[in-house]
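The primary structure of each chain is shown beneath.
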Amino acid sequence: MTWPAPGICYGGDYNPEQWPRDVWDEDVRLMREAGVSIVTLGVFAWGTVEVADGVRDWSWLDDAIDLLHAHGIAVDLATPTAAPPSWLLTAHPDITPVLADGYREPPGGRNAWCPAHPVYRRYALRHVEELARRYGAHPAVRLWHVGNELGGGNVRCYCDRSAAAFRAWLADRHGSLDAVNEAWGTAQWGHRFSAWEQIDPPRGRHGAPNPSLYLDFERYSSDALLTQYLAEKEVIARHSAAPVTTNFMVGAGAHIVDYASWAPHTAVVATDHYTLVDDECREQDLALAGDRTRGMSPGRAPWLLMEHSTGAPSWQQRNRAKDPGEIARNALGHVARGADGVLFFQWRASRAGAEQFHSAMLPHGGTRTRVWREVVALGADLRRIAEVAGTRVEPARVAVVVDDAAGWALQHGLMPHRGLSYGRELRAWHRALWDRQVLCDVVPVTAALDGYDLVIVPTLLVVDDDAAARLAGVPERGGTLVVTYLSGICDADGQVIPGGFPGRFRDVLGVWTDEFYPLQPGERVALDDGSTVADWTERVVLDGAQAVVRYTSSSLAGAPAVTERPVGTGAAWYVSAALELDSLGRVVDRLLAETGVPRTVEAPAGVEAVRRVGPGGSYLFLLNHTDAEHAVTGSGAADLAGTDLLTGAAVAGRMLVPPGAARVVREHRTHP
Amino acid sequence: MTWPAPGICYGGDYNPEQWPRDVWDEDVRLMREAGVSIVTLGVFAWGTVEVADGVRDWSWLDDAIDLLHAHGIAVDLATPTAAPPSWLLTAHPDITPVLADGYREPPGGRNAWCPAHPVYRRYALRHVEELARRYGAHPAVRLWHVGNELGGGNVRCYCDRSAAAFRAWLADRHGSLDAVNEAWGTAQWGHRFSAWEQIDPPRGRHGAPNPSLYLDFERYSSDALLTQYLAEKEVIARHSAAPVTTNFMVGAGAHIVDYASWAPHTAVVATDHYTLVDDECREQDLALAGDRTRGMSPGRAPWLLMEHSTGAPSWQQRNRAKDPGEIARNALGHVARGADGVLFFQWRASRAGAEQFHSAMLPHGGTRTRVWREVVALGADLRRIAEVAGTRVEPARVAVVVDDAAGWALQHGLMPHRGLSYGRELRAWHRALWDRQVLCDVVPVTAALDGYDLVIVPTLLVVDDDAAARLAGVPERGGTLVVTYLSGICDADGQVIPGGFPGRFRDVLGVWTDEFYPLQPGERVALDDGSTVADWTERVVLDGAQAVVRYTSSSLAGAPAVTERPVGTGAAWYVSAALELDSLGRVVDRLLAETGVPRTVEAPAGVEAVRRVGPGGSYLFLLNHTDAEHAVTGSGAADLAGTDLLTGAAVAGRMLVPPGAARVVREHRTHP
Amino acid sequence: MTWPAPGICYGGDYNPEQWPRDVWDEDVRLMREAGVSIVTLGVFAWGTVEVADGVRDWSWLDDAIDLLHAHGIAVDLATPTAAPPSWLLTAHPDITPVLADGYREPPGGRNAWCPAHPVYRRYALRHVEELARRYGAHPAVRLWHVGNELGGGNVRCYCDRSAAAFRAWLADRHGSLDAVNEAWGTAQWGHRFSAWEQIDPPRGRHGAPNPSLYLDFERYSSDALLTQYLAEKEVIARHSAAPVTTNFMVGAGAHIVDYASWAPHTAVVATDHYTLVDDECREQDLALAGDRTRGMSPGRAPWLLMEHSTGAPSWQQRNRAKDPGEIARNALGHVARGADGVLFFQWRASRAGAEQFHSAMLPHGGTRTRVWREVVALGADLRRIAEVAGTRVEPARVAVVVDDAAGWALQHGLMPHRGLSYGRELRAWHRALWDRQVLCDVVPVTAALDGYDLVIVPTLLVVDDDAAARLAGVPERGGTLVVTYLSGICDADGQVIPGGFPGRFRDVLGVWTDEFYPLQPGERVALDDGSTVADWTERVVLDGAQAVVRYTSSSLAGAPAVTERPVGTGAAWYVSAALELDSLGRVVDRLLAETGVPRTVEAPAGVEAVRRVGPGGSYLFLLNHTDAEHAVTGSGAADLAGTDLLTGAAVAGRMLVPPGAARVVREHRTHP
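Residue numbers (the numbering used here), protein chains in the order written: chain P, 1 to 672; chain X, 1001 to 1672; chain E, 2001 to 2672.
In isolation and in its complexed conformation, chain P is listed as follows:
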């Protein structure tokens, strides 16, 4: 696709409808001062355009687009379907979704519509059609933005319309009611269905007792929203050649919808990311989101950061501003991991409404604020590194395999350890690699794994035959496969694979597990290499593998905790315990040594390093997240050599990165 604006896109959500017309002139003047090249327009502008049923006032939107175009600012035009107009919700109050306990959300929020509601669908598509017809060929419109964070407010609807849609989806997936009974094991508790209408969404205050029902309903819910996205996209395509996408919310856990299956339907993968003020390592969370977004982008193509923040969000408990320098470090962190655009929510801070205290590029305090100065400086930095645009992140030799369905299954129902989040182990492994400046792709379970030397599979509870076969292929071709506890236990229907845990991985790992011993809160057990474990242990029996680390305390003393089974020149490891961070690092060091996967640079933990490469050059991003200056040198024998694009300084051998600073070095090396 044609990138919507040259270089690294820069901008944010722009809501001119919240402001008097005379503010707009200041807006575009300051946008140019900050180097803004693109804004997202009209995300919530349904009711302000379609002021009554079928009556549209396009004037303000015409003016806004023309004004932006006149100032050379590209428009990412949103379909405003996230928020139906008040008149529509009043006329059809059952458009809002129903929660699992039967509670119908009142109007007043956003993304509050049932994806199975035909009236919503009809009005939404009608308006999208009018919008696309009017602006589809406007030269300012360089990108389409469908809805907003689809699923963010209405990931699941349990209404009767959704129940009917769910049944149709089930018939399609399973073929027959008998097959559903079989897949869900409904003989338990006498729940066997004798007619389709006996099946409901997993209603109730505490979710579905039946984990298979829950899992299928999650899949249906993701597909139901994807259907809405595809319908809007199809309407747009009839009127516009501009590319179409929607903003995901990629993160470190199980997603609200299965983004990996959505990504192929976007012209460019776009995502939002917000750091959590109480995250003890929020920069790593940001990096993981980048690695995972790239991992689902076809061909690892550059992606778009559609939203992040210049400072305090307004939806957390204690919304803290960012520290000096953090804005640039965060934005460049996204670029380092493959983003060719960094946009903020939002351009100008709102005076009223739910988000009145959300930070913006232009704060309440105006241009005299520190935020504004940093926003302007970031715009300049992005222009300095414009040549990075179009390059790709260097191919990773490590993959971490993820699957939203596995996460949904893990986090629901009467699991051996309720409350264990899918993101826990995923983030721990990524953290250990991040601390060591080792790049990994976080890839969906459906991805090809051929190129990776080390493939890590954290808590992949549900695995189908195909994925199991591809994963088993890793050690067979000489790679190293690492599987953690709570992986491979269930088939795609969520049924336990008989014969002992970890089901699908028993053979390749050469172990089987007798029983689970999740630890109680605060409980720790020790291993014979000095490691400590929290939350999860199990009784592993060797069946071809050898013990790498063993328990020294608890009733498991002497039993294996980490095992390895050599497979030709490859190996299959099982990490059966939830290792604490330092202990996990010890395993990772050993894996890196055995596989020969190098670090990107040599630097202490807290200094992030990623390389982007392209036909034109190689670019090393260095981000010092600590409050001390650190020296960075090349990995192994290699020296650093090049020019820092941000400061213009020459780099030779080693480089000192000041506390909190970011560097982008154009390297004297060619693309491998």
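Derived from the structure by calculation, the hints contain no laboratory data.
Mixed in with the good hints, there may be bad ones.
Not the full set, but computed from the structure, chain P residues with beta-carbon under 10 Å of chain X [said to hold, decoys possible]:
1) A45
2) T48
3) P84
4) Y103
5) R110
6) G311
7) P313
8) S314
9) Q316
10) D323
11) A349
12) S350
13) S359
14) P363
15) G366
Here a beta-carbon is modelled for each residue, glycine too, at the ideal position from N, C-alpha and C.
Here the structure of chain P is known, so what remains is to put chains X and E in place on it, guided by the hints.
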């Protein structure tokens, strides 16, 4: 008004309908033994009088009033509208209020009626009319008591009737739908209303996303209940010349309704107060409630403590009895702060019902209990200090400014720091003054501020132009104004005032704030005078003010935390950080020194001292809340001199107050 | 009754309908290998038999029963009424129960039916009749199992049908509406009822404000479920001579229904027991459940453990497997306390459904697992001790008196200390006895108390005249009565008994309590014997008793905490404080010394010892729950002498019990 009983009123709620007739005789005999001069009668006596629709059995109430009158006990007669009869609720089940999530409260509690319900209104006023007609001229009836703790059980109703009433209220306040859209900033999230019926109360499980909608609904809800009060009052006034009031629940936080706007409609301000067993300084909470009740009493006139307890309440988690001496110390604490009556809930402990374990003047254990002995002793003490009645608390030189609407705004919606209570900072400042025996009036934001040397404004998030002007006038006339963080941010609609925080107070304070840095739970930062801060910090930029204290840790190190801007002979201070108690005390010491505001006496923290003065004399109340004896001396050069009315002892120079004891000294000094 | 299988019954729930037919053959083969003698069949097999309204497919059940019978395995045949078929719930969606807040449970769980629903009743009894007619005379069917854990999922229903049934129940209990008003004290808060239809179940989000209403509704709810049980039993009895029971869930707290009143309606008392993984002494909880089950079994006859687990349950937070040896120790612990059968939920681990991760006799890992080996070994152990079957636990000299209604009252409403569980004090006293190898019967308040030397009454809030008289009789006949705080306060209607606490027990104890001082979380106070107290203290006044221990801290310093009143050769003790475990042990030591009640053996805490005796012999069960070997000797001068049935070893004088081990010694002593 004519005070309902001579001296300091003494008594409590009396519910003879819960007891056989033969118990009543014991009741009045023991009331006389305890010195009871007034009882509140009939608070929940609707269904026991109107036994069926329009059918009334007055006999027991006739008898009870006559019996009390015969024994010289005044009656505070309640309209029983807090609890409609079961037959009325069964016939009209939609009288009970609906919560924000659509849940309709079942009958079985109290104050469970929608103030917008016409059937409730009609039946309530019909019964009040019958009651007032029957007893309006009875000589025993010296006061009317409308309902009970209005809003305590039904502060907000979200039903469709309430929605309609809310829309009418909005039309009245804002004039037009366009004005509502403007005031609430409905362009955000596409919420613009095109017809009145699209506006609902802030329904939903998590309240209103739009803070302006929430704020207006709180105002409406307060007004809706006030309307009920005024309607009952108007009916009573047609039949009785006795004064009319209702029992508030004045406390240290944002009230459930805006009592300050209700107070002018009462003949005497009356309030209930219960200490919390887990309050680490419950005596200060009691004092603050008194200072705030007095602060809203027109002319600082004496007020009435309508309910407190002799011991354990029954609605807390672990309901502990009071320690020996605490009953008298609490009661005299209220009198010290301006109460000319101290009543208890309730006279005789109930055997059954929700409040069966609530303490009473006459406990389950009867007259051999410690509580009964202390109740009798308190009655005697009140007679000893009868001459205090009618005097007023000595004029305070310090005011603390409060506003319920500001509190409502602070505690709702996506605030920078969710969970920060309005009472937090209010109570901290009052505590620092209380520890130092410095009297303050806690006054509504609408109050005249002329007489005060020091005016403290804690977390006054929402401020209108008029209040901002009056507050700015304080330093201009030579006073000292102290404003804390999260003040002046929003206008009366709850919209952020542009140009930087703290909006309305930027100019007078000579500072502006760049960004907020609320602290995470457990986090502390240090200031350069040794102070420590929890919960809230921000980045202040000096703009005319000078720094008094600066940060030494966190990313704000070096930035100002407390500032002062001299204004002629006055000064304007900004306290931008949430100082911990000791640290706040340091600022208060400095403010007292600069303003020359004296302490009432010299005594350690924990010894409370307040003076009431009148044409006839000056009375110094001393309450030792500690478990050690303490010496009290006059403030500055002044000596104590007088007579302790409770013990008859002469006081000269200094006075020793035993642990837990109370003293009331008639001073040898004339009214200033 | 005829015991369903010879010796100690062994087996579990068997759900062949979850598995293909070819698995069944393996099942019966492995059952025989494990020594299984009985299985519970068909608990959830309604929908798999009655596949449509009135259409029944008995074939699989015919086959299963015949197959089991052919292999000599007895059948405990369940009525499958716990889980109505999906077609019935879809046709009659109002069969599911309604919660207190009006929420109707959706289908998808179990025990989800309103006991007052006539359609449910009709269909349930119709199916039970067909079932009983078909299998009532089958030789394999040795026991009937009505429903499953009645009340576990539907202990209370608040629907309108239940409201009507509740009113009828009230009319039956109280006789008139006036009597209800009187019993509930409805004059408070003006709640007096003038017609029956004004009475509802205690609906609302926070339960009933009126504690008497709550208490009666609990009683009604227990009776409503008992009615269903009795109706099914009556139908069965028309077609089968086999005994009928249902599985209780006896535990350490207030039960969901009043099992003590149900027990006489069962042919054998049966109960389920699951240990809690985070219970710091889960073996004592198991022992208490056994002592309480036996305590309600008429004549202390042997009872049946209908369900327990071989390892991790699936409904706790972190479901941990049992440690090696724990399976046998738990099972033999039940036998020690009177069980003549130990069954598990379930035979074979399920692959799907809510309970897919619940442990089983045959785990997912199959016969190579540790669990399977221990299950087989336990079967052999049970055969070794088969002669124990039919003996009874040796008569206890200590009784602990319990009452579910008192527990319901204690745990609901505006109690002096909300959150104090009924099980707290009950379990503390039992623990102190358990630590000392002193056997007690945990008996219902209605039990005869003649045989006991020491009778302990923990937190028996509600007591009727009859029970009070029987308890007062204990010291009069020379026994020792111990009453704790929060006992005897209320009459059977839940009304406070006037005259001072502890109401019904004031006279016998010779004390009265002035006021309650529950402690705040974390607060501790000290007594003069070095004891410490948490949670509860009160101000006791001596009135005939003498102080045994007094407070030394808090405002109660000097006041009595534990008192004793000599009554002839007996004594009445009052323990007014919630003593911590060690402190309580000191009181128990004193009570044992004074009463001369001996320990079963001499052994350290953590070694459990119980004796079963019968005409044929005396059997000493020893369970070492610690991780160290311990020596056990006879109590007092007695030597141990006999043969360990499990190992065949001779025992003389003392016996060494290895860590975690169980022993069953056939003693050389005759039945006393």
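_Proposed interface contact between S314 (chain P) and chain X, which counts if any beta carbon pair is under 10 Å_ = At about 4 Å, which falls below the 10 Å cut-off, the nearest Cβ of chain X leaves the hint on S314 (chain P) intact, so it holds.
*If you take the shortest Cβ to Cβ gap from P313 (chain P) to chain X, is it below 10 Å?*
Interface hint status for P313 (chain P): holds (9 Å vs cutoff 10 Å).
_Next item in the hint list is P363 (chain P). Is there a CB on chain X closer than 10 Å to its CB?_
holds, 8 Å
*Go through the hint on R110 (chain P) and say holds or violated, using the shortest Cβ distance to chain X against 10 Å.*
Holds. Min distance 5 Å.
*Answer holds if the nearest beta-carbon of chain X is closer than 10 Å to that of A45 (chain P); otherwise answer violated.*
holds, 6 Å
*Evaluation of the interface hint that places G366 (chain P) against chain X, nearest CB under 10 Å*: holds, 6 Å
_Min Cβ distance, S359 (chain P) to chain X: is it shorter than 10 Å?_
holds, 8 Å
*Is the shortest C-beta separation between G311 (chain P) and chain X less than 10 Å?*
holds, 6 Å
*Report holds or violated for the interface hint on S350 (chain P), using the least CB-CB distance to chain X and a cut-off of 10 Å.*
holds, 6 Å
*Go through the hint on T48 (chain P) and say holds or violated, using the shortest Cβ distance to chain X against 10 Å.*
Hint on T48 (chain P): holds, closest Cβ of chain X at ~6 Å, below 10 Å.
_Interface hint compliance - D323 (chain P) to chain X, C-beta minimum distance less than 10 Å_ = The hint holds - D323 (chain P) has a Cβ within 10 Å of chain X, the shortest such distance being about 4 Å.
*A349 (chain P) as chain X interface residue, shortest Cβ-Cβ below 10 Å*: Since chain X brings a Cβ to about 8 Å from A349 (chain P), closer than 10 Å, the hint holds.
Comparing the model with each earlier hint shows no violations; every hint is respected.
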